[in-house]
Each structure stands twice: as structure tokens, then as C-alpha cells.
Amino acid sequence: MSKKLLTPEELVKDLKQAFKSKIKDAKIERRAVGVKKKERTALWLKADKESLHDIVKHLKNYDYPHLAVVSGNDLGKTIELIYHFTVYYGNPLQEILINISVELPKEKPAIPTITDIIPGALVTEREKQEMLGVKIEGIPDGRRIFLPDDFPEDVYPWRKDEKGPQKMVRDLYEVKK
Amino acid sequence: MSKMSYSIPIGPIHPALKEPVMFEFEIEGERIVGVDFKVGHVHRGIEWIGTQKNPLQILPIAERICGICNISHPIAFCMATEEAAGIEVPERAQYIRTITAELERIHSHILWAGVAAHEIGFDSVLYLTWRVREKVLDLIEYLTGNRITKAMFTVGGVRRDITEEQYPKIREALNYYKEMFNKLKHVFLDDKTVKMRSRDCGILTKKEALELCAVGPTARASGVKKDVRVDYAYAAYGDLDMKTVTPDAVTGEVKGDVYDRIIVRLLEVAQSVDIIEQCIDNMPSGDLVTEPKPAKLLALLRKAVGEGVGRAEAPRGEVIHYVKLTGEEHPYTWKVRAPTYNNLMPWIPMLMGEQIADIPIVAASTDPCMSCTNRVTVVKKGRVDILDHEHLHKLSVEKTRRLMQ
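In order, the protein sequence lines correspond to chains X and Z. Using the working numbering, read the first sequence as starting at 2 and increasing by one per residue. Using the working numbering, read the second sequence as starting at 17 and increasing by one per residue.
It is possible that part of the hints are untrue.
Said to hold, decoys possible - FRET-style restraints, in silico, Cβ to Cβ: (1) Z/ASP207 x X/LEU76: 28 to 34 Å; (2) Z/SER140 x X/PRO120: 37 to 43 Å; (3) X/LYS28 x Z/LYS319: 19 to 25 Å; (4) X/LYS28 x Z/PHE197: 42 to 48 Å; (5) X/LYS28 x Z/ARG318: 22 to 28 Å; (6) Z/PHE197 x X/ALA19: 46 to 52 Å; (7) Z/THR209 x X/LYS17: 56 to 62 Å; (8) X/ARG171 x Z/GLU180: 52 to 58 Å.
As the list claims (entries may be wrong) - Calculated from the model, a selection of chain Z residues having no Cβ within reach of chain X, i.e. all distances over 10 Å: (9) SER21; (10) LYS54; (11) HIS59; (12) GLN73; (13) VAL105; (14) GLY130; (15) THR165; (16) VAL413.
Said to hold, decoys possible - Negatives, chain Z to chain X, calculated, CB over 10 Å: (17) GLU44; (18) LEU226; (19) TYR250; (20) LYS271.
Simulated from the structure, these hints should not be mistaken for lab results. Small disclaimer: the values here were computed from a predicted structure and weren't measured. For each residue, glycine too, the CB sits at the ideal point set by N, CA and C.
Isolated chain Z (complex conformation):
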């Protein structure tokens, strides 16, 4: 630490999101010259718990790794287990998996857009986006019976059908998003306030994104074309016509800043609408599960020996699960890797050189999800010198006001 700098701990109460992470910033005046972080405050030991349960008991746990990615984690776990046990999934089930995964992406990206607007003090947009998001939550509830934890998956298929009688409601919601898309695009991409706070802020270059193994919209906004759905066939994605989204589609160039991350997420909402339409237009008929009787399925899994990797593109990036079965009741190993795990390191180059007031929006721009990343319980001694979220948020709002004058 140089003579001129001082260090500020921020957290474990989170500066930008409502989840705990501990940052330690080295500051010279207003500028950030050093960043360190500590995670693990909500580590619940889920991987260890999983090795004490059978695969069907793990499913509800996998669903609760993350409140938002409650499709991505079970889908990755199912795929890993299916690979390990050599189970094939019926085509119809793969299409239904794809539809639910895309509904999750729509709601997650719109939720993020609201949070990002809130971080820069633009609360009317928060209210707008979260109202828009209600429509997809209603649709999810209509299709799966629940708004958040959907319990749609089982090893070897899905537990609920999406029937033709339900298509009109799906189409109605998709049309609503098509109409709303231009409005949201106008609010986020043409607005002066959003642009001022997000353009050239929190830059992650393509080289840094590659070296630090960034995933998801964070990587794509820096020009790394990496999308599991496009690159690696799983569920129904191999059949669909889709392209990896990068920000140059709108601006003609890739800067890798917060603004580019907004573009990528917005375009992905439109892409998800398109994917769901393709899926319901081409939905194959057939079974929903390979083995409908849970007892028989468990007996099959108990005998299985092998290992498998399941990868899925969650709204925040690639989720990867590794499962090893050794012919016992419980899996021998279960490793979960959530996207934020890989998007931790990219925070460092993004935050370097920025101002304290930019911390909330830059930290939020990767859409971090700490519960996903951490998995064991921790008790942390209280710290007195904490810059809490309220204070940081105030700083951020003040900066927006200053820029507007």
C-alpha cells in the first residue's frame, strides 16, 4: 500500500446486490487502485449434503442452490447424472426443458435490468421493468404451478407436460414481450442518464475475459463468443436457429463496458422469445420421461457406475455439474460450478481505476449470485468500519445527479 492510499472494506453486507460478499478496496482519493474480495459467507455445503442423498433427493436441493437459476442447476445435474448412468432423454422432454430454461432467462435478465437501474438511482425504471417481469412469472406459474421453484425436472425427463391448450397463453405473453422490447431498448440504450453511467465504465477487455475465464453475458459483452447453447448441443438447442449475441450487433463495436452488458442482456431477452416460439412450433410428440416409476429409476441409478458432466447456459453464464456414480445409493462426488464463480476474478480489472460511486453498478453488471457461488455456512465477526449498501447507493445516486447537472 502506498502512502497516499487507504483501504476500505465493503461488506460482507453486499454493496450492490442483496447478497453477502466482502470487498477490500484500496483507494487513492476517489479512485480504486486495488481490489480484493472474500466470498463464502453463504456457503451451505450443498455438494457435501448431496453425497449423503440419492439423486432424486438431490434434485430439490439442486433447485435451491440459486433462487433465480432454479432451472439451470437441476438441468445440469440431470444431464450429468444421465451421462453417468447412460440414460437417454425423450425428445419432447428436451423441448420442454428448453422452454422452461428460456422463460427463466427472460425473468432473470429483466430482473437484472431493474436492479441495474436502481443502482444508478433510476428507480422509475426499476418499477417499470419489474412490472414487465410479472408477465413471465405469471406464465411460469401457469405452466409449472409455481413462480420460483418449479420442480419441473427429473433424471431422464420432465415431470410436467406443456400441452397445446396452453399455447395461446404462451403466445400472448411472448407477443407482450415483443411489444415491450422496443420500449425497454429505448429506455436503456437511448437514455442519457443510463449512457452516462454505463458507457466506458467497468471495462473488461476481450483478453482479460479470456484469461480470467469469464462466462455468460459478461464474456459475450467483451466479445468472447461463448454460449453453451450455441456451441455444445444439449436439450433442444441443437435443433434451433440461433446465434451468439455480442454487443457489436447494435453499436458496431465491442467495448466490454457496462453498457455493452446491458445490450447483450436485452438482446438475449428477444432471443429467448424467439427460441420459445421455435420450440412450440416444432414440439415433437412422445414420452416425458424415460422411466416414470421413481423406484425403478432409483434402482437403475443405484447400479450405475460412471461419471458425467452436465453443462447448461444459465442467465449469468455457464453452469457445470460433475457427478460420479459408483454403484451406491448416493453419488460419490457432486461438484457444482455456478457462473458467478468464474465471474469473480473479472471484477478486479473492471473495478480498477473506477470511482467509489461506480462500485454498485460495476459489481452488479456481472449479475453476481453469491448463493450460487458459495456453498458452506459461515459466521463472520462483525466489523465496525463498514460502508453499507445504503451509503454506497447514496453515493451512486449523487454521482448520477452530478452528471446530470
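With the rest of the complex left out, here is chain X:
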């Protein structure tokens, strides 16, 4: 990369400038490890679900964002998705992990796909659909990936509410195949 690498502070400042109030709660976490106490840096951002797509596009200005995975939490009234990106890899000890969290309301848990920006996001987006019952809008391939085809409809293994797997696991004999 010939481009100048931004420090985590500059990166947050730049993102905040570009997205203003759409990015809330930017937090920089540093941890020093080993004898030489070299640091690693992680950013934790909370973003609006409408602006996620644009933020990912914006990340491309820094480096090609490598999407590690999208993890998810059922927070009761909302479903939280956390996109774990890394930028500046290939530069020893300067990689920055960017965790972007978006919350989706349970009544309509939907978010646009980012596969048009990062095609490799498909596997993890398919997984979020089947595991959390999130609708990924515009996903090029919406089939299940890990769950079998005869897994009951409307049961989502990572949910903690009535759509979760608790009842299914308890009363396995009732499950229709």
C-alpha cells in the first residue's frame, strides 16, 4: 500500500466527519502484549443500519476491507449484528480491527446486503439469515447454508425468544421432518 496509513484516531475522525451522527459511540481499544508490550488496536463503532452500506463503501478509501465474519446477538427488543473488518493488513502490527455494530428492530429485522461491495460476505450473510432470522435485502443467493433443508421453518438457533431453538430441543419428537 503506497497510501499513508491513518492512525486509529485519525480513522475515527475521518469516519465521523463523513457520517456525522450516523456513527455513535466510537471506541478505540488498545491492548499491549508480550515482553516488548507491542499494541494491537480495535475500533468499536455503533452505526445506523441505513448507513452501514455506505460505511463499508467508505472503508474502501483506506484499504480493501477484509470481512472476517458477521456475528450476532439477540438483545431482546433488537437484533444486533457486528461486522468484523480488518484494514491495513500486510503492515506489521499496524492492522486495525474495525467492529461495526448495527441494531435491527425485531418487528422488521432487515438490512441491505454488502455482497455488492465485498462478494465474499455471502457465506456469512446466508448464515445470519438462517441462524438469526434476519432478512438480508438483495442477497444474491438466499438459500440455507449450514442448516439442513428439513430444519423447521421459523426456528432460528441463535434467537433467545420464542423463535429460538429451546422448545425444539426440549420436544424433539414433535419436530416434523
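Dock chain Z against the given chain X, drawing on the hints supplied.
Relative to the frame of chain X, chain Z by itself:
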């Protein structure tokens, strides 16, 4: 599907490795023109099980996500939990973590080299590499008490020390690998048969590797310099002198084919030997764990509120665990992402345009690990029209013979 093509399902009994995955190929003559896959046949719901257990009970489960990466998963889980609970790890423990992780890489890469040789019908090399691998397994057993599941880690440190009395045996094994390295390099990189089957086969370009989020040796062989150990300080790696391995170090260019993936893994074996040497030369003294009493540690974890991400470079690429603690007995969320998960999509461009006989070696070239990737139990209806591993392997061996004539 065009008129001329037909489709072949392969699996769920795996074509190349001994693990289940379902491929559906669209074939025109001998050439692959379409690839689709289905995974999940060995999904065991481990993430869900984890949310019913306390962090110390999760450790043995994390270790059993994968038979080979049984260091990488616990290390990533420990780091995520330590981040979430704000626990510091003693320096000595970080060095011991690094040494065990590198021993795992040596055995995994050599195991892969044997599998790759077998896939192209070069079985004498399989026997050679697996014999060479025994040495590191013996060393692992000597240091940790077990060949495979090592139970070395706990949240906040390690459970066993590596003492100075053990150094001579470590050095002896490392010297053995230094001697063997040139022999293995000669067998894999100079041999005509290996070259014929792996050069320009299963190409993944740098652009594709970036777009499809490839990780580990698969990404590095395509010229993407991405190695968690170098880029992002964890365990003792921040202290060490090491560089990301790319195939141009040997050939001067990056092609992103199977041959390049062989180069990267071979060089990484040498790199691991070097890392272990650096670690035992500079091993700091001190504690092994932050909190040696499990009951106290659990009480601390029960009160902790926070979230953390643990990342480690497994032999196949980056492993990432996400843990959320909410001040309860069990973690609220545990997400595991194994390297093969990200290396699934890159299979498509690699296999496109190749021949059926190349499927085993190309599929094996990412060193896929399905048990890592899948995590819920599945019963699959039997299919009749299956090309099984035996048949594919036969095709692959025949192709090698044909090329040799």
C-alpha cells in the same frame, strides 16, 4: 444450464478429504463450468452448546471444534474472554502459547503435504511426510502430555510450563526439521510430477482472494499479505522477528496456483521452527496464570460484563471468536469463525475451468476443515448418483499417469 452441460453431485462424502461437503458441478465434457457447494453436514451446534456452559467448561469444547486446530480455537476463545473480562495474561504464558501454536502449525502443514501428495497419486511421499510428522507429535506429547487434544490453555494463562530441562529435546526436534526441510523442499518443489499437477492449476488471483475474503496460506499464496501473527499483536508474536510468507520468495512471482500454496506452507514450516527457537531463547520468567484458582476465576468471569474478539492465525488461516459476557454464569453469545468458512467461496474461481480429475487436489489445496466450519448435526437423505472419493481419487491418479507418459 446449457444443452451441452450436465451436472454431477459429489458428496456429501468428501471428494478430496475425509470430511463431508456437498459439491454440485456443472460439467461440459471434462471441464468444470459451474460450481455450487453445500456445507453443514457436521454442524454440531457448538456455539449454542457454549451458551449453556461457563467459560471454563467451554474450553474443552473449543478444543474439540477441530482435531487439528485444537490450539488455535482455545487460544482465540481465551483471548476473546480475556478481552471481555479485562484479564491480563502473564508474559511467560504468552510465550508458551506461541510455542504450542507453532508446533501445531508444523504438524498441520506436514500432514497437509502428505494429503496433497496422496491426492495426486504420489503415495510414497505421503508415507515420507507422515513419518516426518511423527517427530513433532512426539514432541507435543512430551511437552503437553498428549498428541492431539492438548488442554494447555485456561482463561488468563496456560496450564503447563515448558521448563529448561525440556529445551534439549525441543532443540533436537527443531534441528531434525531443519535438516528435513531441504529434503521436503526438493521433493515438493523440484519434482516433475508434483509440478505437472500443481503448476497453473486451481488459480486464485489476488483480486479474487481479496474480494472473497480468503485467509491464511490460501490468501498468501495469491499475494495477499495477511497474517494475524505479523499484522496484529497477540501472544508473543509482537516480540518476534518474522515476515509474512508469500510464494515470490522462492519463484520471484505470484501465480496463486496449487504450487504456490505448497511453497507457502513449506516455508511456514521453516518459519515456525525459527519462531520456536526465538521463543525459547527469550523466554521470560514469571507466572503461568493470572488467577490459579478455578473457583475464583469463575467468580470473576461471572461478574464480568463486556465483549471481546480473539483472533489467532491457525495453520489454515485466521480464526476469530467473539464472546459477549453479561454478568451471568454463561456467556451470552459465542461466535466461532474457522478459516475454512472464508475459504469456501474461493473454491469457485479455483475449480472453474479445471478438469474433473483436478477436483481432489484443488479442493484439498485450501486445506479445508469441515468440522471447523460446520457446527449443527444433520441427517442427509442418501443420494444414488454419487461420485465417491475412491472413484475421484482413481481419476486423479490416472491423470498423473497420463501426464507422465
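Right, here's what the structure says about each hint:
1. Z/ASP207 x X/LEU76: 28 to 34 Å: violated, 56 Å
2. Z/SER140 x X/PRO120: 37 to 43 Å: holds, 41 Å
3. X/LYS28 x Z/LYS319: 19 to 25 Å: Holds: the Cβ-Cβ distance is about 21 Å, inside 19 to 25 Å.
4. X/LYS28 x Z/PHE197: 42 to 48 Å: Once the Cβ atoms are compared, 45 Å apart, the range 42 to 48 Å for Z/PHE197 and X/LYS28 holds.
5. X/LYS28 x Z/ARG318: 22 to 28 Å: Cβ of X/LYS28 to Cβ of Z/ARG318: about 24 Å, so the range 22 to 28 Å holds.
6. Z/PHE197 x X/ALA19: 46 to 52 Å: holds, 49 Å
7. Z/THR209 x X/LYS17: 56 to 62 Å: The hint (56 to 62 Å, Cβ to Cβ) holds, given that Z/THR209 and X/LYS17 are roughly 57 Å apart.
8. X/ARG171 x Z/GLU180: 52 to 58 Å: Taking Cβ atoms as reference, X/ARG171 and Z/GLU180 lie about 54 Å apart, which means the hint holds.
9. SER21: holds, 20 Å
10. LYS54: violated, 7 Å
11. HIS59: violated, 5 Å
12. GLN73: Holds, because the least Cβ-Cβ distance between Z/GLN73 and chain X comes to about 18 Å, which exceeds 10 Å.
13. VAL105: At roughly 8 Å from the nearest Cβ of chain X, Z/VAL105 sits no farther out than 10 Å, so the non-interface label is violated.
14. GLY130: holds, 28 Å
15. THR165: Its Cβ never comes within 10 Å of chain X, the nearest being 24 Å, so this holds.
16. VAL413: holds, 32 Å
17. GLU44: holds, 22 Å
18. LEU226: With a cut-off of 10 Å, Z/LEU226 comes too close to chain X, as the shortest Cβ separation is near 5 Å.
19. TYR250: violated, 6 Å
20. LYS271: Correct as stated: the minimum Cβ-Cβ distance to chain X is 19 Å, above 10 Å.
Hints 1, 10, 11, 13, 18, 19, counting from the list given before, are not met by this structure.
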